[in-house]
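Those protein sequences? They're chains A and B, same order as listed. Quick note on numbering: the working numbering labels position 198 of the first sequence as 1293, and the sequence is numbered without any gaps. Quick note on numbering: the working numbering labels position 199 of the second sequence as 202, and the sequence is numbered without any gaps.
Please note that the accuracy of each hint is not assured.
Think about it this way: if two alpha-carbon atoms lie no more than 25 Å apart in a straight line, the pair counts; the simulated DMTMM-like pairs of lysine to aspartate or glutamate are [unchecked claim]: (1) B:K189 to A:D1135; (2) B:K189 to B:E178; (3) A:K1101 to B:E181; (4) B:K165 to B:E178; (5) A:K1134 to B:E118; (6) A:K1134 to B:E178; (7) B:K115 to A:D1135; (8) A:K1101 to A:E1331; (9) B:K115 to A:D1376; (10) A:K1342 to A:E1331.
Calculated from the structure, these hints are not laboratory results.
As a plain string of letters, each chain reads:
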Amino acid sequence: MIRLEKRPSPSRLWTVVTPVLAVLATMIVGGLMFWAMGKDPFETIRTIFWDPLFHETFGPYSRPQLLVKAGPLILIAIGLSLGFRAGIWNIGAEGQYIMGAIVGAGVGLAFYPSESILIFPAMVIAGAFGGWAWAMIPGLLKVKFGTNEILVSLMLVYVAESWLASMAQGLLRNPDGMGFPGSRNLARDFPAASNLELISGTGMHWGVVAAFIAVIFAYVLLSRHMLGFQVRLTGEAPRAARFSGVKPARLILFCLGTSGALAGLAGLFEVAGPAGQVSIDFGSGYGFTAIIVAFLGRLHPVGILLAGLLMALTYIGGELAQLMLGLPGAAIQLFQGMLLFFLLAMDVLSNYRIRLTKPEAA
Amino acid sequence: MDLSSINPILLIASLMVAATPILLAAIGEMVVEKAGVLNLGVEGMMITGAVVGFAIGVNTGSPALGFIAAALGGAAVSMLFGVLTQYLLSNQVATGLGLTLFGLGLSALIGKPYEGMKSPVLQKLDIPVLSDLPVVGPILFGHDPVVYLSLILVVLVWYGLKFSRAGLILRAVGENHEAAHALGYKVIRVRLMAIAFGGACAGLGGAYISLVRVPQWVEGLTAGAGWIALAIVVFASWRPWRVLLGAYLFGGVSVLQLNLQAAGLAIPVEYLSMSPYVITIVVLVFISARGQHGAPGSLGRSFHASG
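Next comes chain B alone, as it looks inside the complex (with noise of 0.2 Å):
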């Protein structure tokens, strides 16, 4: 075993790229669900959007079109939720659940004719003097747009939620379904922007993943980030910059793991990859064990106006 293989900036650099798949999907869930919506699909909406993603950008040869596109894909198959939750007020788990089905296997329908290929390269963000700069360089200023936008966008849900008119209907509809009803607010409305918003963003992490991790296109290759995004948004009490915290400490965990499995500790890699699944968990127990701080008052609960 090498442990001196290991370096700690490149660690570092490649936690950022590992956690940015999480970080967008769970920042999306984290809105849907502050807005009283519990959609358990996120994992069918990442699929989705990483082959949607994948097909688009190795057809165009634009990476950039391909995460348009897998923004677009995982908002459209939200709204398969959506329209089943909101309007014909099916039961939440069930039909997330459901929606992870049918994502896992429309992907992996589109994808067949897409395995082995190679995508288009997402040109990183070279900062000229900046990202040459040593240590601060390669950690902040080498990276490609999208784990900037992943980052500009708690930002805005930040800011969002928390200072704006919207935001505040926003989480009004998730605290109180029928009191924002009783003063004039579209409950459904709302609701049905923020599981978009959620998809859109799902579909995003997931191109992510097929576009620039892996880069490739394999069936089931969201591995259980959708659901592990899920469990982030719990480990962050409905706040976003906990949901940064969250994605990163699990990008670590996961880029650690990796590199462990290349210096050739003497754990078997099993039991090395079933690691960050553990990790979730004990942090899940940690939380949990606080008390559920946060939860937005109407999750999970479906809204019908009676009379």
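Here chain A stands alone, though its shape is the one from the complex (with noise of 0.2 Å):
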């Protein structure tokens, strides 16, 4: 008979192995729906994890794009991890993510054409208090009345969808754009409130940047600050935290407060760089992709970065597989929700031991 045996602390080995074992079981469990749905197995999996790294012709192409995906989820993922580290569901990443972009583009086109060096600055800013401001909703509803962060946070999605589309036809639209929805380019005509590459072939962009810079952060709040403690605390023992005096307004406030500054950021790099405008379907769904990722990379700063390139991979791999194979886009979405489900499943691993023991007789 199989028994679970509770760990007193989550296995450090198991914690590190289980994601490379879950990276493994979908990738043998996605080629056995690839092969069923009549591809070759393994040159679909090569495709995906293999050449948009390192195939001569699209290497080149495909190689700078990890970044440019990378970064917003690894931006979002690094901000969710906080919340769910300390049992603070924050699901809404998405519409933080929307409103960080509205907000920061129109602060950038009410200056349009100006030159101004400040420009760009201002927007970051901005782009981060749109998202903030949109995450302290159900921060504040949480904190005064109770309400549950998750539904709220998510319907908020909806809302910011709406949002966007009125946004895309109505105040933001551009003016030259002959009626079209949509608003001005601001990576292609707006050069002070563009978000280009930095190194020239590397995808690189400011975004990237700011998703390093909140690894480093993560990693030093975690280890090293009160704060990261509080927020260790209340997700492994809620009792001990209320009883050692961690406030818990203050930590929800901060937790919901900082992922979605950081879903804001990442809305605002996207849509003055690689996005270039806020258009009706701006939305991307990297916010739910960076519920995986933070998952995937164990809600740890590190784990994170490298859970973030390996969904980015995936995704520029699922672009080249529906080039190539004629894969459907949809296979690569199932694809990363079953990574999650396997994760989630191999979990048990780091927090239970497996003994096998006699049946006992009655």
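With the hints as a guide, dock the two chains, each given alone in a separate frame, to form the complex.
Dropping the structure here:
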């Protein structure tokens, strides 16, 4: 008989090994799925995980994309991981990402066609503020009224999407755009507000720099700072946290606010760079994929950095497989969902010890 | 703007249609939560039911078979959640989110070939004489069978939870799983059955959107209906009748805003279409401001029999 025995504390070895196992299991089951869809499983897996980096013709084009896609994922996931550690569930990062982009781009567009170097910094601050303010709604409601932050933050994603549609067709619409929805292109037509590649051919833009800074900041916060200790304590032992004087309200507002601000930043860097404009279909699902990234990275800053790069790879590889092998785009979405499932399933190995016992005599 | 174009009788009749998917999903989720399990994957199960129901409905030409397949499909994906949370003791919030993301991907993949197709029509239950009555006729007797099924389900759940032995065991498991375990009840088995029931209900609700309400398949069809169902369970303080009330109120809001859009109200369309979500938030605030009455004691906690 198989019996599970709770470990006193999660096994460090298994905490590191399980994500790797989960990725392998996803590749195997995903391969079977691709095979069932009539594709060569080995070729498909290679196209997704190998070709974007090392293929002779596609590599040079897709390698920079890795950082472009990983930047927002890491930035958002770092913020989410703080809350997830403390049992505060912000799952509306997609909405905060959109609001960051709208507010940030709005501030920039208000000064069109100025060439002041202050415009971009102002947009960055406005973007972070937009995301922060949007996340403060579930935060304040939770603190004041005890409203469930999961539901409120998620509802606000749909509100933000409607807002985005309204902005793209109304207030922020390009006056020279002949009536088409969508704002002026910040990346192309507005140099002072654009977030372009910093080093040509690498995909590195300010958002990627911000993501790396966020990783370092989160690492120091969690391992060296009192606030980080309180975040960890609240997650692992809520009662002990309360006795030791952690103020839950402060922590909720900090976690939601930080994750909102980071998601807002990600939105701003995206709208001013890779996306270029506020358009109806700006929301790209980064806010939801970042949830997978946060868990895959074990809610640890360094883990999230690696998980973000891997998830970015599946995005790029997925596009490549779509182009080369006619793999449906949704297959990659399913692939990512499967990865989260395998990871959660294998968590049992880090939290429990498996014991084989003889059936007891009745 | 022409408000007189809004017919109150048709409004109430279409309100019931709009509320049915959410009602089905919410009543299922309420049973799951009564058993002490928080399954945040309602949206994922609904959209799986929507696509499975639509595919089977189109291929067989029978909406009834579509609904049956949708219930089975919803229950099947809910078992992924069940195995993970009950046997492998994974975090329920994270696993529920995972189920939603998984369901969205799965449905997009299955649904691709069905985009733009029309579903077979579900016949209304035209009861002779009764459905021709003025006012009462179209409101009470002019619907399709699934609307009545959802109402019957509310009654059954209310009766089952309150008066049957099985309902008592389910509530005991949800209130205090250690005590229920000590009494010899199979906590995990009860919970798995509740989760499967919730999945089947969510699947039915999803299929109602794709086969009746819209009736088409488009990616992301459910558009947050599963999350609203979760909010309605909280709004209802885990009581079946208030689930019904909540779902119909919500159906009313969403039908009214569609009618106002059609009547050409001076408010931009985007603001009207965000209104159901905003109103849900406002209602949640009011409910939670009065304290969390009625939440099952073991809600969201994993059960692991030690020793």
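Results of checking the hints against the structure:
Straight-line distance between C-alpha atoms of K189 (chain B) and D1135 (chain A) comes to about 45 Å, which puts the hinted pair past the 25 Å bound. The straight-line distance between the Cα atoms of K189 (chain B) and E178 (chain B) is roughly 14 Å, inside the 25 Å bound, and the hint therefore holds. The suggested pairing of K1101 (chain A) with E181 (chain B) holds, with an alpha-carbon distance near 16 Å, which does not exceed 25 Å. With a CA separation close to 14 Å, the supplied pair K165 (chain B) and E178 (chain B) stays within the 25 Å bound.
Only pairs whose Cα atoms come within 25 Å are accepted, and K1134 (chain A) paired with E118 (chain B) is accepted, the gap being roughly 22 Å. A C-alpha spacing of about 49 Å is found between K1134 (chain A) and E178 (chain B), which places the hinted pair above 25 Å, so the restraint is violated. Taking the CA atoms of K115 (chain B) and D1135 (chain A), the gap is near 20 Å; set against the 25 Å cutoff, the hint holds. This hinted pair checks out: K1101 (chain A) and E1331 (chain A) have alpha carbons roughly 15 Å apart, not beyond 25 Å.
The suggested pairing of K115 (chain B) with D1376 (chain A) holds, with an alpha-carbon distance near 19 Å, which does not exceed 25 Å. With a C-alpha separation of about 15 Å, the suggested pair K1342 (chain A) and E1331 (chain A) falls inside the 25 Å cut-off, and the hint holds.
Violated hints, listed in ascending order, are 1 and 6; each of the other numbered hints is respected by the structure.
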